[in-house]
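K.L.:
The task is simple: from the sequences and hints, build the whole structure.
Positions in the sequence shown are counted from 1; adding 10 to them yields my numbering.
Because the hints were derived from the structure by calculation, they are not lab data.
Nothing false has been slipped in among the hints.
Just the calculated beta-carbon pair ranges, DEER-fashion:
1. F89 <-> F57: 21 to 27 Å
2. L63 <-> L100: 23 to 29 Å
3. P81 <-> S40: 17 to 23 Å
4. E34 <-> R88: 18 to 24 Å
5. L50 <-> A102: 30 to 36 Å
6. T104 <-> P36: 18 to 24 Å
7. P61 <-> K99: 34 to 40 Å
Note that beta-carbon positions come from the ideal geometry of N, C-alpha and C, so glycine has one too.
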Amino acid sequence: MTDEPNEPRETAGKPQKLRFGRFEVPLPRSRVLRVGLGGLFVVGGVFSFLPVLGIWMLPLGLIILSHDFAPVRRGRRRFTVWFHRRYPKLAAWTDPGPQNDLRNASDSR
11 MTDEPNEPRE
21 TAGKPQKLRF
31 GRFEVPLPRS
41 RVLRVGLGGL
51 FVVGGVFSFL
61 PVLGIWMLPL
71 GLIILSHDFA
81 PVRRGRRRFT
91 VWFHRRYPKL
101 AAWTDPGPQN
111 DLRNASDSR
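P.N.:
Rendered as structure tokens:
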């Protein structure tokens with residue numbers, strides 16, 4: 011079995027990754043580390059008026075927390091759906107989906 015009982019079967023044993031458009035960053039396997047890291051980023055984003063800390067930390071922390079908390083995950087998915095509907099060309103450019111891979115493969119011939 012897996013270490014975490016609430017982990018879905020399709021992701022059990024696989025390292026979780028944080029995806030930003032075409033880039034992927036691995037997340038810690040430990041839930042405590044993910045929640046702590048996400049919480050630190052959110053707190054750092056709140057103090058964005060200080061040097062080094064910035065508003066960029068707030069969405070990053072929420073994205074990390076969305077892997078473990080359903081309410082944050084729902085907000086992230088609602089934003090993703092809104093973004094794809096509002097800006098379809100930009101969303102297609104940043105989305106690493108298979109339809110984009112096929113389009114890029116046909117352009118290179």
